[in-house]
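In order, the protein sequences belong to chains E and C.
So for the first sequence, the numbering used here puts the first residue at 1; every next one is plus one.
So for the second sequence, the numbering used here puts the first residue at 1; every next one is plus one.
It should be emphasised that the hints constitute simulated quantities derived from the structure, not laboratory data.
Given the structure is predicted, the values throughout are model-derived calculations rather than measurements.
Misleading hints may appear alongside valid ones.
Here are some, though not all, of the chain C residues that point toward chain E, as calculated from beta-carbon distances under 7 Å [said to hold, decoys possible]:
hint, residue
1, Leu17
2, Met69
3, Ala74
Restricting the straight-line Cα-Cα distance to at most 30 Å, the calculated cross-link-like pairs of lysine-lysine (DSBU-like) are [as the list claims (entries may be wrong)]:
hint, chain 1, residue 1, chain 2, residue 2
4, C, Lys60, E, Lys95
5, C, Lys91, E, Lys166
6, E, Lys114, E, Lys95
7, E, Lys90, C, Lys91
8, C, Lys60, E, Lys133
9, E, Lys167, C, Lys60
10, C, Lys60, E, Lys137
11, C, Lys60, E, Lys114
Pulled a few chain C residues facing chain E out of the computed Cβ check, cut under 10 Å [what the hints assert, rightly or not]:
hint, residue
12, Leu11
13, Thr19
14, Gly24
15, Asp96
16, Met98
Don't be surprised by glycine CBs; every beta carbon is placed ideally from N, CA and C.
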Amino acid sequence: MLGYTITQWLFGILSFLAIMFALMVVFSRNPVNSVLYLVLTFFCIAGHYILLNAQFLAIVHIVVYAGAIMVLFLFVIMLMNLNQNDEPQKTWLSKIIAAVAGGMLLFVFVGSLKGAEQLNLTAYGSSQIGTVKNLGKVLFSEFLFPFEIASVLLLAAMVGAIMIGKKETK
Amino acid sequence: MINSISINYYLLLSAVLFTIGAVGVMARRNSIIIFMCIELMLNAVNLLLVSFSTLHGDAKGQVFVFFIMAVAAAEVAVGLAILSMIYRNVKSIDTDLMTNLKN
Numbered sequence: 001m002l003g004y005t006i007t008q009w010l011f012g013i014l015s016f017l018a019i020m021f022a023l024m025v026v027f028s029r030n031p032v033n034s035v036l037y038l039v040l041t042f043f044c045i046a047g048h049y050i051l052l053n054a055q056f057l058a059i060v061h062i063v064v065y066a067g068a069i070m071v072l073f074l075f076v077i078m079l080m081n082l083n084q085n086d087e088p089q090k091t092w093l094s095k096i097i098a099a100v101a102g103g104m105l106l107f108v109f110v111g112s113l114k115g116a117e118q119l120n121l122t123a124y125g126s127s128q129i130g131t132v133k134n135l136g137k138v139l140f141s142e143f144l145f146p147f148e149i150a151s152v153l154l155l156a157a158m159v160g161a162i163m164i165g166k167k168e169t170k
Numbered sequence: 001m002i003n004s005i006s007i008n009y010y011l012l013l014s015a016v017l018f019t020i021g022a023v024g025v026m027a028r029r030n031s032i033i034i035f036m037c038i039e040l041m042l043n044a045v046n047l048l049l050v051s052f053s054t055l056h057g058d059a060k061g062q063v064f065v066f067f068i069m070a071v072a073a074a075e076v077a078v079g080l081a082i083l084s085m086i087y088r089n090v091k092s093i094d095t096d097l098m099t100n101l102k103n
């Protein structure tokens, strides 16, 4: 099909959808719509992970982000009754300044990529690095200590969230 | 699956996603949407880590993504607790109203 392989078609479609949904996250008025568009963006990124042979990471990404974090966001929005369309907006001047600053940031990123070597992902890639077996081996041998520290971090975050979130009793 | 896409396209895609997140942080007043834009920026970086991990055939990049996910989950839990506390006190999560640390 027009000289492109099916992987390249999938990459193009997924990238287009991810960028569109990401733009909708920023531009939609209703916070609930923003959350739903962000979930769709995460699904597109999970598709990219599958294209990159990171199958386990794709599943974990969907479970953790779309399943846990975004549900937390939705809960908080519903608790605060924020699902309205008439929230206050920034002035046009600050929006234009933000757009110009973002454009300059993108300009710097793209400028730093200019002249970079074109490396195809087939260069060294083996399709086995993203499997559960291989990742588990790396995670539980080389990264065992950071893994345990991450559990302490999650415990501290849980205790902190409960401490901050509970009502003050004097 | 055989992947024959140049790394430069992944770099470009991540740069665009990161920029959209950064613009969202600068252009919106709703704290929750600012939070979501930060998640978007984290995901752009994750995508880049995974693509370089595939390029080099090294699983360490994917392990880093696991740790970023764990830290993001902790950050979201604490951040949303702080936001709900602010909402309880100020009755709004508009960033332009949060100019005082203490009343």
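Cross-check of the supplied hints:
This hint holds: Leu17 (chain C) has a C-beta 6 Å from the nearest C-beta of chain E, less than the 7 Å allowed. Against a cut-off of 7 Å between C-beta atoms, the interface hint on Met69 (chain C) holds, since the closest Cβ of chain E lies about 5 Å away. Given hint, Ala74 (chain C) at the interface with chain E, holds; its Cβ is 3 Å from that chain's nearest Cβ, closer than 7 Å. Taken as a hint, the Lys60 (chain C) and Lys95 (chain E) pair is broken in the structure, with Cα atoms around 39 Å apart against an allowance of 30 Å.
With a C-alpha separation of about 16 Å, the suggested pairing of Lys91 (chain C) with Lys166 (chain E) holds against the 30 Å cut-off. Between Lys114 (chain E) and Lys95 (chain E), the direct Cα distance comes to roughly 28 Å. Compliance with the 30 Å bound is thereby established for this hinted pair. Using a Cα cut-off of 30 Å, the hinted pair Lys90 (chain E) and Lys91 (chain C) holds, with the two alpha carbons roughly 19 Å apart. Distance restraint check for Lys60 (chain C) and Lys133 (chain E): the Cα-Cα separation of roughly 14 Å lies within the 30 Å cut-off, and the hinted pair is therefore satisfied.
With a C-alpha separation of about 42 Å, the suggested pair Lys167 (chain E) and Lys60 (chain C) falls outside the 30 Å cut-off, and the hint is violated. Taken as a hint, the Lys60 (chain C) and Lys137 (chain E) pair is honoured in the structure, with Cα atoms around 11 Å apart against an allowance of 30 Å. Restraint check for Lys60 (chain C) and Lys114 (chain E): satisfied, since their Cα atoms lie roughly 27 Å apart, inside the 30 Å limit. Checking Leu11 (chain C) against chain E by beta carbon gives a least distance of about 5 Å; that is within 10 Å, so the hint holds.
At its closest, the beta carbon of Thr19 (chain C) sits 4 Å from a beta carbon of chain E; the interface hint therefore holds under the 10 Å criterion. Annotation: Gly24 (chain C) was flagged as interfacial toward chain E, and the flag holds, the nearest CB pair being 4 Å apart, inside 10 Å. Given the 10 Å rule on beta carbons, the hint for Asp96 (chain C) holds: about 8 Å separates it from the nearest Cβ of chain E. With 10 Å as the threshold, the beta carbon of Met98 (chain C) stays out of range of chain E, its nearest partner Cβ sitting at about 13 Å, so the hint is violated.
In summary, the numbered hints that this structure violates are 4, 9, 16.
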